[in-house]
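Peer 1: The residues making up each chain are set out below.
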Amino acid sequence: MTKKTSSTFQEKAKAAIDKKAALGEDIDLKKYTGKDSEIPYHKDPSELPSDVKERMLGAGVILEDTSQRSGTYLQMDNMPVHYSTTQEGVEVMPVSQALEKYDWMPDYWWKAVAVDQDKYTANIELNNYDGYFIRALKGQKTVFPVQACLYLAKEKMVQNVHNIIIAEEGSELHIITGCTAAVREEFGLHVGVSEFYIKKGAKVTFTMIHSWNPDTAVRPRTGAFVEDNGLFMSNYLLMKPVHSIQMNPTVRCVGENSTVRYNSILVAVPGSSLDIGTRVLLNAKGARTEIISRAITTGGDITARGYIEGNAPEVKGHLECRGLILGEKGSIYSIPELKGNLANIDLSHEAAIGKIAEEEVEYLMARGLTKAEATAAIVRGFLHVDIEGLPPLLSAELKKAVDASEKEVM
Amino acid sequence: MLKIKDLSVAVEGKEIIHDVNLSIHSGETHVLFGPNGAGKSTLLMSIMGFPKYTITKGSITFKGKDITHMSLDERARMGIGMSFQRPPVVRGVKTRDMIAACLKQSNDSVEIAKLADKADMSDFLERDINYGFSGGEIKRSELMQLLAQKPELTLLDEPESGVDLVNIALIGNLMNDLLEKNCPIQVRKCMGLIITHTGHILDYVNARTGYVMCDGTIGCVGDPHEILNTIRERGYDECIQCYLGRIPPND
Ligand SMILES: Nc1ncnc2c1ncn2[C@@H]1O[C@H](COP(=O)(O)OP(=O)(O)OP(=O)(O)O)[C@@H](O)[C@H]1O
Ligand SMILES: [Mg+2]
Chain A
1 MTKKTSSTFQ EKAKAAIDKK AALGEDIDLK KYTGKDSEIP YHKDPSELPS DVKERMLGAG
61 VILEDTSQRS GTYLQMDNMP VHYSTTQEGV EVMPVSQALE KYDWMPDYWW KAVAVDQDKY
121 TANIELNNYD GYFIRALKGQ KTVFPVQACL YLAKEKMVQN VHNIIIAEEG SELHIITGCT
181 AAVREEFGLH VGVSEFYIKK GAKVTFTMIH SWNPDTAVRP RTGAFVEDNG LFMSNYLLMK
241 PVHSIQMNPT VRCVGENSTV RYNSILVAVP GSSLDIGTRV LLNAKGARTE IISRAITTGG
301 DITARGYIEG NAPEVKGHLE CRGLILGEKG SIYSIPELKG NLANIDLSHE AAIGKIAEEE
361 VEYLMARGLT KAEATAAIVR GFLHVDIEGL PPLLSAELKK AVDASEKEVM
Chain B
1 MLKIKDLSVA VEGKEIIHDV NLSIHSGETH VLFGPNGAGK STLLMSIMGF PKYTITKGSI
61 TFKGKDITHM SLDERARMGI GMSFQRPPVV RGVKTRDMIA ACLKQSNDSV EIAKLADKAD
121 MSDFLERDIN YGFSGGEIKR SELMQLLAQK PELTLLDEPE SGVDLVNIAL IGNLMNDLLE
181 KNCPIQVRKC MGLIITHTGH ILDYVNARTG YVMCDGTIGC VGDPHEILNT IRERGYDECI
241 QCYLGRIPPN D
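Chains as they are written, first to last, in the numbering used here: chain A, 1 to 410; chain B, 1 to 251.
Simulated from the structure, these hints should not be mistaken for laboratory data.
A few of these clues could be false.
As the list claims (entries may be wrong) - Below, computed lysine to aspartate or glutamate pairings styled on EDC-like, alpha-carbon distance capped at 20 Å:
1. B:Lys94 x A:Glu373
2. B:Lys94 x A:Asp103
3. B:Lys5 x B:Glu28
4. B:Lys52 x A:Glu406
5. B:Lys104 x A:Glu373
6. B:Lys94 x A:Glu406
7. B:Lys94 x A:Glu359
8. A:Lys400 x B:Glu126
9. A:Lys138 x A:Asp116
10. A:Lys399 x B:Glu74
11. A:Lys371 x B:Glu74
12. B:Lys52 x A:Glu358
13. B:Lys94 x A:Glu358
What the hints assert, rightly or not - Beyond 12 Å from chain A on every Cβ pair, some chain B residues (computed):
14. Glu15
15. Gly58
16. Glu74
A virtual CB, placed ideally from N, CA and C, is assigned to each residue, including glycine.
Work the whole structure out from these sequences, hints included.
Peer 2: In structure tokens form, the structure reads like this:
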């Protein structure tokens with residue numbers, strides 16, 4: 001990236017380059033190389049090697065037949081290797097290009113995520129890393145999702161991305177992001193900053209599927225602003241082995257009657273450590289949020305956080321965390337937090353953690369299922385969350401992704 | 001045929017059923033009466049094979065096979081089916097999935113739709129099983145699942161309790177399907193054991209044998225209509241006397 005956005009960001013970043021993150025195991029950035037792999041631009045992404053395509057497909061990114069996609073962005077390590085759109089009114093390009101193209105970009109740069117949040121955000125700014133820029137123009141309603149894939153190709157690599165997503169007034173934008181890596185024994189690190197700006201009456205669904213390696217560490221840093229009557233719906237799926245993930249996105253409902261829905265489906269296998277939260281600040285009258293997480297451990301450790309803050313009248317928020325502990329090892333730590341700053345609000349939470357209820361297994365066994373079949377049916381039901389308002393196509397994609405990973409759990 | 005011999009059952013270390021004997025021949029439906037807490041549900045759960053119900057004595061034979069120590073799911077696959085008095089909610093498992101399980105894991109959507117229509121449960125197929133179901137809806141859902149399962153021995157635990165008068169007819173017809181219509185008389189193999197307090201179901205199934213259970217023991221055997229009349233007139237005292245009558249005098 002060539003164009004500097006502001007020297008103040010650089011200064012703030014410099015000051016924060018050793019600042020440890022508030023949560024999660026500290027990662028030594030020096031362990032990783034950030035040097036660019038030489039990966040050429042691919043005009044036709046279906047020409048990528050088949051093993052790469054297969055991994056991408058496992059994260060919901062289709063390259064063979066893109067008729068059900070309105071755009072595609074692919075980044076391997078730190079190189080954008082393909083970007084295109086088939087839908088008028090939807091822009092997909094590397095963020096470096098958007099910085100060149102639009103002089104208003106500073107309005108969206110480090111506004112939803114603080115550049116000095118921690119050393120990971122600082123590192124991205126100081127090294128001018130690229131990422132995707134996805135924007136739906138005013139009133140543009142897309143049916144098919146834009147897909148983005150962030151692919152970790154080389155071992156010992158740190159992949160840094162800085163993404164900007166803008167849904168202009170009255171637009172509708174669906175995004176599927178698949179984050180994955182080549183099958184590797186070696187360690188790798190992915191750090192992704194994503195800033196969402198959802199304008200008046202706009203609707204954004206963001207479905208993110210993570211499919212890493214047992215030795216990958218992941219530190220996403222996400223922030224969003226939702227304006228009047230805007231809707232932000234995020235679905236996060238992590239069912240594959242990973243070394244450590246920590247993220248705690250913050251969504252600010254700044255517009256009246258804005259709505260935020262967050263769904264997370266988390267599976268921690270032995271050796272995986274997940275610390276995943278969602279923070280929603282209800283800052284405008286009538287704003288609503290629902291945060292749902294389903295966590296399963298088959299031996300790994302999960303911390304599931306949720307935080308809702310009510311700062312304006314008539315806001316409503318609900319947190320739901322359900323955890324299943326399958327097997328002898330593994331832990332789930334659920335931390336639901338609510339903060340109300342005035343009387344006229346309605347915040348609630350429910351959390352339940354345990355093993356599968358014996359009584360439920362027996363109910364299904366009384367219908368002829370074996371114990372294993374009954375358990376599988378209950379786990380499948382636990383993972384398949386009906387997400388209110390998610391378009392059928394996206395629901396089908398999510399279901400496909402859950403089905404594909406189900407075997408890991410059973 | 002179902003043959004229960006000298007059966008005693010303990011739940012969490014406490015014996016609840018004592019020395020029960022009972023036989024149901026192919027094609028027959030029997031009715032079980034008895035006051036609250038008598039052990040009726042416990043007996044049904046024991047026949048179905050729930051692991052919490054420990055058989056401490058006696059045996060259960062079904063279709064000529066000793067099933068006393070057979071697991072719950074094996075018994076279900078052998079042809080025993082039961083409607084639950086208070087089935088659990090299973091979040092994420094749809095009513096449709098339950099019927100599919102009952103249809104031996106077949107996902108025949110035409111068949112599923114037909115069964116749902118019959119039980120007036122079409123609007124429930126995509127709902128989590130038993131989640132927010134009313135008492136009557138649970139009863140219909142349970143019978144619908146059994147219709148899919150087609151057991152040879154149907155165990156019904158108060159299928160009509162809490163059901164309104166209109167729905168009683170629907171439930172009655174479903175039971176009739178389950179125990180009679182689906183089992184042509186010439187080759188009728190279906191057997192039933194039904195717990196009831198009200199006796200309403202006697203209008204819908206052809207039951208000629210009834211029992212009264214008290215304190216974990218079967219006291220009386222007789223015509224279910226007569227038993228019902230006696231209970232209506234004199235409560236369970238008659239049954240208890242009948243039961244006491246069988247105890248050898250002390251001296
Ligand atoms: N888990 C248990 N631990 C201890 N006692 C139990 C347990 N389960 C059942 N019981 C007792 O066994 C007795 C029989 O219960 P059961 O449910 O079989 O009665 P029932 O005849 O079906 O009564 P109702 O007509 O009220 O349904 C009751 O006294 C009950 O409290
Ligand atoms: Mg009972």
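Peer 1: State the violated hints by number, sorted upward, taking the hints as numbered earlier in the document.
Peer 2: 2, 4, 9, 10, 16
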